[in-house]
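**Q** Sequence:
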Amino acid sequence: MIGTEGGIVDTTAGTSRPLGLVVDDEPQMRYVITFALETQGFRCVSAADAESAWELLSEESFDLVVLDVMLPGLGGVELCRRIRAAAAVPIILLTALGDEEDRIAGLEAGADDYVTKPFSPRELALRASAVVRRTAAGTGDVVSNGALSVQAATGEVAWEGRPIPLPDTEARLLAALARHAGSVLTWADLLNEVWGTAESAGGREMVRTTVYRLRRHLGRRNAPPDLVVAARGQGYTMPRLP
Numbered sequence: 001m002i003g004t005e006g007g008i009v010d011t012t013a014g015t016s017r018p019l020g021l022v023v024d025d026e027p028q029m030r031y032v033i034t035f036a037l038e039t040q041g042f043r044c045v046s047a048a049d050a051e052s053a054w055e056l057l058s059e060e061s062f063d064l065v066v067l068d069v070m071l072p073g074l075g076g077v078e079l080c081r082r083i084r085a086a087a088a089v090p091i092i093l094l095t096a097l098g099d100e101e102d103r104i105a106g107l108e109a110g111a112d113d114y115v116t117k118p119f120s121p122r123e124l125a126l127r128a129s130a131v132v133r134r135t136a137a138g139t140g141d142v143v144s145n146g147a148l149s150v151q152a153a154t155g156e157v158a159w160e161g162r163p164i165p166l167p168d169t170e171a172r173l174l175a176a177l178a179r180h181a182g183s184v185l186t187w188a189d190l191l192n193e194v195w196g197t198a199e200s201a202g203g204r205e206m207v208r209t210t211v212y213r214l215r216r217h218l219g220r221r222n223a224p225p226d227l228v229v230a231a232r233g234q235g236y237t238m239p240r241l242p
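Those letters in the sequence shown? Residues 1 to 242, per our numbering, in order.
Incorrect hints may appear among the rest.
So the derived label-pair ranges between C-beta atoms look like this [said to hold, decoys possible]: (1) GLY161 - ASP226: 14 to 22 angstroms; (2) PRO72 - ALA188: 20 to 28 angstroms; (3) ALA88 - PRO118: 28 to 36 angstroms; (4) GLU55 - ALA230: 39 to 47 angstroms; (5) ARG122 - ALA147: 15 to 23 angstroms.
Please keep in mind that the hints were generated in silico from the structure rather than gathered at the bench.
Ideal placement from N, C-alpha and C gives every residue a C-beta, glycine not left out.
Construct all of the structure, not just a fragment, from the sequences and the given hints.
**A** Written as structure tokens, this is what we have:
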């Protein structure tokens, strides 16, 4: 069941299905997103604004959050930042086509993925399943390369033993490059391993934006930003470290 005001749980579904929170101020958009997720096996709750969503998040444990950047009141990016500070739930942002600033702000705030409007509901649903699957499939393995270590399950990153707080997506990207240190990961490799999606028109921009933010975060924590090296026309690589 879909709520047009605030959030309403689909009570017809079994509890074994992942629970998603859909946050958008447009009733029709909430309907489309919720229907797409339900066809992919999700149960859904919806909210029309950031404040209602935050209240629902305080009452329920979600497996996924899909939220629009342009929300009234608090706004989607700030809500994303608050969610990420409180929980490791996967977050997908909905942004306007060509609005690069919102995408960058969302990724920096901790979003795991973004989808630009107008979008294919099926693609959104598949991306949602992929990001939930990646989160659930984390292992306890530690990926190491020289002084760098990444805890695969939690995304905890350290350089020379000092913790480096990173958004989940940046931590996954760093782990992928460290796991394949010395080899080039193509755009398609990175999109598949980090985001669980195939290469698309906006895929390379998403990788570039995440790499830019990752380098900046590394530099702020006295880790070498050139851990991530561009392989012109191919993708990115990380050198093997002693």
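**Q** Each hint: holds or not?
**A** Hint by hint, here is what the structure shows:
About 20 angstroms separates the C-beta atoms of GLY161 and ASP226, a value consistent with the hinted range of 14 to 22 angstroms. The hinted window of 20 to 28 angstroms between PRO72 and ALA188 is violated, with their beta carbons roughly 38 angstroms apart. Between ALA88 and PRO118 the C-beta distance comes to about 30 angstroms, which sits within the given range of 28 to 36 angstroms. Between GLU55 and ALA230 the C-beta distance comes to about 43 angstroms, which sits within the given range of 39 to 47 angstroms.
A C-beta distance of roughly 43 angstroms is found between ARG122 and ALA147, which places it outside the suggested range of 15 to 23 angstroms.
Hint compliance for this structure: hints 2, 5 are broken, all remaining hints hold.
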